[in-house]
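Chains as they are written, first to last, in my numbering: chain A, 141 to 534; chain B, 487 to 651.
Wrong hints could be hidden among the right ones.
What the hints assert, rightly or not - Here are the simulated DSSO-like pairs of lysine-lysine, each with C-alpha atoms no more than 30 angstroms apart in a straight line:
1) 330/A / 171/A
2) 262/A / 574/B
3) 305/A / 574/B
4) 304/A / 574/B
5) 612/B / 449/A
6) 532/B / 404/A
7) 612/B / 305/A
8) 330/A / 574/B
9) 304/A / 532/B
Unchecked claim - Simulated coverage check for chain A against chain B, where a stretch passes if three residues somewhere in it have a Cβ under 8 angstroms from a Cβ of chain B:
10) 324–331
11) 339–351
To be verified - Here are some chain B residues pointing at chain A (derived, C-beta under 10 angstroms):
12) 516
13) 563
14) 574
15) 575
16) 579
If you are wondering where the hints come from, they were derived from the structure by calculation, not from laboratory data.
Glycine included, every Cβ here is placed at the ideal spot set by N, Cα and C.
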Amino acid sequence: MSRNAVMLGGGQCKWGVREAHLVDLFQEAAKACLDDIPGLKPTDIDGLIVATSYAGRCSFQVNTAPVIAERLGLKPTSICTRCDTLCAGGSTGIILAKGLVESGNADMVMVTGGEKLYTPQKWEVFYSELASVDHDWDGVHGMGLPPPFFALTAQEHFMHYGSKKEDLAAVSVANYNYAADNPTAQMQKKITLEEAMAAPTVVPPLTLYDCCPITDGAAACIITTDEIAKRFSNRPFVYLRGTAQACLNSVSANFPGAHLADWKHTRIAAEKAYGRAKVSPGDIKVAQTHDCFTISEVIEVEELGFCKKGEGGQFCGSKQIEIGGKVPVNTDGGLLAVGHPFGATGIRQGIEIMKQLQGRARHQVKDADIGLTHNLSGANAEHTIVIYGKTPVK
Amino acid sequence: MSVTGIPILDNLYPATMDMWPIEAKEFNRSWPFYENLKQGRFTTTKCKDCGNVSYPPRVICPACYSENLEFIDLPKTGKVVVFSEEVKGVPLGFESPLIHAVVDLGVDPVRRLLTRIVNCQAGQLKRGDEVQLAVFDIPAMPVEKGRAGTIMAERVFFAFEPVKK
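So that you can see chain A by itself, here it is in the shape it has in the complex (with noise of 0.2 angstroms):
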């Protein structure tokens, strides 16, 4: 009998500046995703899967996975890692539980991100950065804080599809509405249109609320079978449909589209998911993309099919990433206002998903049964998707 992986729970710590150390914040996530069902202990879990990038550079950690283990209570017998993909460890580690658990090699996974990013100087967290893109020939470029890249990027959609920052700010407007009442997101507050146009300048045409924060945090989800999941929840069943992650440069001078606002290595990867799901992008009732700027999400509900390509500004522009829209986006409040610590948000994307799909989420999608997430690394360098649904590919 094949065996089909579902999201079995998840939960998140507060995220934002936090006054607490990286393995404190995985224990804060352990125990909301744990609280999340009621029943399970740490002696039904025998895999972990731990991503976050910047341990090594901000906690003076590396080979996490042991560490965070031990803090948890979890004595892991058939893995214990940890993945790197920056933005996209979180869903690395969302796929690679889905085929431990489908090949039979785990039964029960907890998949688990953070990072500490503030440190008592806060300059060091923004020259770290450097190695957020490809060091020696992108960060030296002062690359590696990502505002400039993605107003770059900003410029070539407007120059070519003729998007315009109003666009840009219904983005910020949407999700900040979003989080507004999200107790874990790191911003917590409605913003108008009018405030967004006048935000302070970043890098033009970014303003303030076009840019995710820099974010400590954590979030933690369990990946099992369905099987196996019975025993433990009466909720409706979070399968993984399809995933896909595609990768075709890292140095920004090899970036694979006619230009920065042409995302080929995103088609390519929600193709693949797409096809994998056996699903289309019209079967999509509810997406979190990688909003790290507003630009990223307008790109991506273009290139993931939700409208046609070049028309994402007009989407945004037109309220149909809120809901009652056409797909909405973010609904938990995204990296924009939730805030971005780099491995964990994968994992934050999913539990939204599987709140919807399940009925329980804050701004709930009604009849939500498909649903998509979304995210890009580095400079643009790697695009990651991961596809749920309520019932199985048959």
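Position chain B relative to chain A; hints supplied.
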């Protein structure tokens, strides 16, 4: 208030906190790129077996995995396709304005080289402007050489700058 460094690291050089590449040939087989840069040349590797030119330089050909590579010269002038200017909040290690541009050097694989533009004031650059290679010194890196003691490895890096009209 002045902040002291980490006492046990006094007089020691943490290369892991140095923002520039470790270019010395003892640590980097692409060292000829940096040596060529010191001569004002912008170079990369070409495969002598299959002809593939890749940027940045490699020690194997990414197309055929041959190790039979040679350094070739790339153009040193190009045109600005698109650029961004960061004036406030420029990260440590860089001066305001921090200008980035996609530069078309006219040949593959550097039709869309993303680089920093230096010697340029904010508000001066335009799309289509011609820019040229600008090589500059960066701090030397101390490298332990056994009994020979520690040598200072001289280093340069590059950006592009507007061509003066």
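Results of checking the hints against the structure:
1. About 29 angstroms separates the Cα atoms of residue 330/A and residue 171/A, which keeps this hinted pair within 30 angstroms; it holds.
2. The straight-line distance between the Cα atoms of residue 262/A and residue 574/B is roughly 16 angstroms, inside the 30 angstroms bound, and the hint therefore holds.
3. The hinted pair formed by residue 305/A and residue 574/B meets the criterion: a straight-line CA distance of about 20 angstroms does not exceed 30 angstroms.
4. Restraint check for residue 304/A and residue 574/B: the C-alpha separation of about 23 angstroms stays at or below 30 angstroms, so the hint holds.
5. For the suggested pair residue 612/B and residue 449/A, the alpha carbons sit about 27 angstroms apart, so the restraint of at most 30 angstroms is met.
6. Distance check on the hinted pair: residue 532/B and residue 404/A sit about 26 angstroms apart at the alpha-carbon level, within 30 angstroms; holds.
7. The straight-line distance between the Cα atoms of residue 612/B and residue 305/A is roughly 20 angstroms, inside the 30 angstroms bound, and the hint therefore holds.
8. A hinted pair counts as satisfied when its Cα atoms are at most 30 angstroms apart, and residue 330/A with residue 574/B qualifies at roughly 26 angstroms.
9. Of the pairs offered as hints, the one joining residue 304/A and residue 532/B is violated, with about 42 angstroms between alpha carbons and a cut-off of 30 angstroms exceeded.
10. Counting residues of the segment 324–331 of chain A whose CB lies closer than 8 angstroms to any CB of chain B gives 0, which falls below the minimum of 3, so the coverage claim is violated.
11. Residues of the segment 339–351 of chain A with a Cβ under 8 angstroms from some Cβ of chain B number 4, which satisfies the need for three, so the listed coverage holds.
12. Annotation: residue 516/B was flagged as interfacial toward chain A, and the flag holds, the nearest CB pair being 9 angstroms apart, inside 10 angstroms.
13. Interface restraint check: residue 563/B against chain A, minimum CB-CB distance 16 angstroms, threshold 10 angstroms, status violated.
14. With its C-beta approaching chain A no nearer than about 7 angstroms, residue 574/B sits inside the 10 angstroms limit, and its interface hint holds.
15. A least Cβ separation of about 7 angstroms between residue 575/B and chain A falls short of the 10 angstroms threshold, and the interface hint therefore holds.
16. Checking residue 579/B against chain A: minimum C-beta separation of about 7 angstroms stays under 10 angstroms; hint holds.
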